[in-house]
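All chains, full assembly: derive it from the sequences and hints.
Same order as they appear, the protein sequences are chains A and B. For what it's worth, our numbering labels the leading residue of the first sequence as 862, then goes sequentially. For what it's worth, our numbering labels the leading residue of the second sequence as 533, then goes sequentially.
Treat the hints with caution; some may be incorrect.
[What the hints assert, rightly or not] A short, non-exhaustive set of chain B residues, derived as facing chain A with CB atoms under 8 Å:
#1 Ile535
#2 Gly574
#3 Cys748
Hints listed in this document are in silico derivations from the structure and should not be mistaken for laboratory results. These numbers come from a predicted model, not from an experiment. Cβ atoms here follow ideal geometry from the backbone N, Cα and C, with glycine treated the same way.
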Amino acid sequence: MADLSTTIGSLRLKNPTLLASGIMDEDAGSMQRMIDCGAGAIVTKSIGMQPREGYANPTVLELEFGLLNAMGLPNPGIDQYGQEMEKLQKSKTPIIGSIYAADAEEFVALASKMEEYGAAGVELNVSCPHAKRYGLEVGCDTTLLQAIVSSVKQQVRIPVFVKVSPNVVNIVEIAQAAEKGNADAIVAINTVKGMKIDLETAHPILANRTGGYSGKAIKPIGVRCVYDIAQSINIPVIGVGGITTGEDAIEYFMAGASAIQIGSAVYYRGPDVFKHVCKEINVWMDKHGYKKIAELVGAAYQ
Amino acid sequence: MNIPAITTILTSTTDATDIKTITFRYLGTAVPGQFFMIWIPGVDEIPMSVSEITKDVKGITFRKIGDATHALYHLSPGSKIGVRGPYGNGFKLTGKHLLFVGGGTGIAMLAPAVEQARKRKLKSTVIIGVKTKNDLFFEDRLRRFGATVLVSTDDGSKGYKGFASDLAKDILKKEKIDAVFTCGPEPMMKTLLSCCRTIPFQASLERYMKCSIGICGQCCVGNGLRVCLDGPIFDGKTLKKVEDFGVYRRDAAGRKIPF
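Here it is, written out as structure tokens:
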């Protein structure tokens, strides 16, 4: 049996599979179920200063090779979300608070609240492809991003992750800006901007028209991004994008990821996907003579 | 692929004040208790339990209450809507004498379950609970299936005066009921569950739904039970452990809203 534990800076995880933000994580009960299903850590729904209802339906479509979504950052707001975090305070599985905001001041306030609620870390969502003012509009401005990360880092003691978007000209520059702001890890990638049109009515099907594409189809995009980012920075990378099997995870480790996140695969393989992926990683590592995740990280740089 | 398929509305029938049934061509099976996501392009997409099931045609029944149902209400036969599904688990009809309790528009989704029970020659007693007689629908349809139909109205304008759960309590005392199936306001269903003791119980839950395929978490109750995928039908044993049941739902932002 290989050792599946891994570390992200100061954070130690029993296994490298994290629940990605936005999937089964709006309330404590759902997150508890994902913990029970074997997730090594949970990333919460992205939480903002105020409650937000998100977009009208349709919000999620399953296309041929992946999922297309435009939820619109629905969340109960940071004050109410404290009730959900409180219920998980005794959990041994780390809870990472995902937060979104339009400026540094709000990010700092949200991160401080998450720390107060017992979060083991925060993930700054600066990469949502479909929410005006938030997300990508913050995450493609290197100066603004560095200032935000730096402000948050000065305020909280828990690790700060920055989730970056592939919908930019140069993702490496964005990751480097986050590193300059003293981020503890980069999470790559968020969804890829896309659209689906209904032929009979000529309507884009998502109520928001555009959305973010995830699942198997985007895995090569994610692997490439992680590969480029991990070689250009000195902080850990958490890989996300289309990971459905243990071998998908191995590929991300080889590209330079120290841990991975799973989102869409909760749809494809059910909530037990965490157990399945861990088992598959284990089998692969045993078969190929690897003892620790660290031996695989960045193996593709040759 | 899990996207709306465009279909044409075949019929649109008024069942009671502000309540309509629309039918549309949809090939494939549907189990009573399952639901479709109905897309009105440019407006919204909403979950709707199936209220009529034939091989090629399916129907939904709804009250004009929000933007989407308002739009649906005014669509004529020939109009196009998007349909995907059916989703969810559906009722499991077991026992010899079944009691169905529908509160308000809840009776709509119980109707195909009653129809199926009667086709299997199971004795079926149905309670339709409404505020006032003008809200009543499907009474004749359910009688035609061969069910015993009882009506309760809050104001006493027809049948038993009082709540459906009170009438159900009487029936449970008088008759040997093997299983109870219900859909309606959650506090009513919770009261009914407490009357059932050891009698098998199945209730259909309604929550604000978004993805409908079990990933977004919006409709979750209890310990991560997805109403869209693990439900919408839950048994009594499960519901006794769900702290939300009959107590609160969540709005589109995930805030708790007490019933």
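Verification of the hints:
Because the smallest distance between the Cβ of Ile535/B and any Cβ of chain A comes to about 5 Å, under 8 Å, the interface hint for this residue holds. Interface hint at Gly574/B: satisfied, since its Cβ lies 6 Å from the closest Cβ of chain A, which is below the 8 Å cut-off. Below 8 Å, beta-carbon pairs count as interface contacts, and Cys748/B has one with chain A at about 6 Å; its hint therefore holds.
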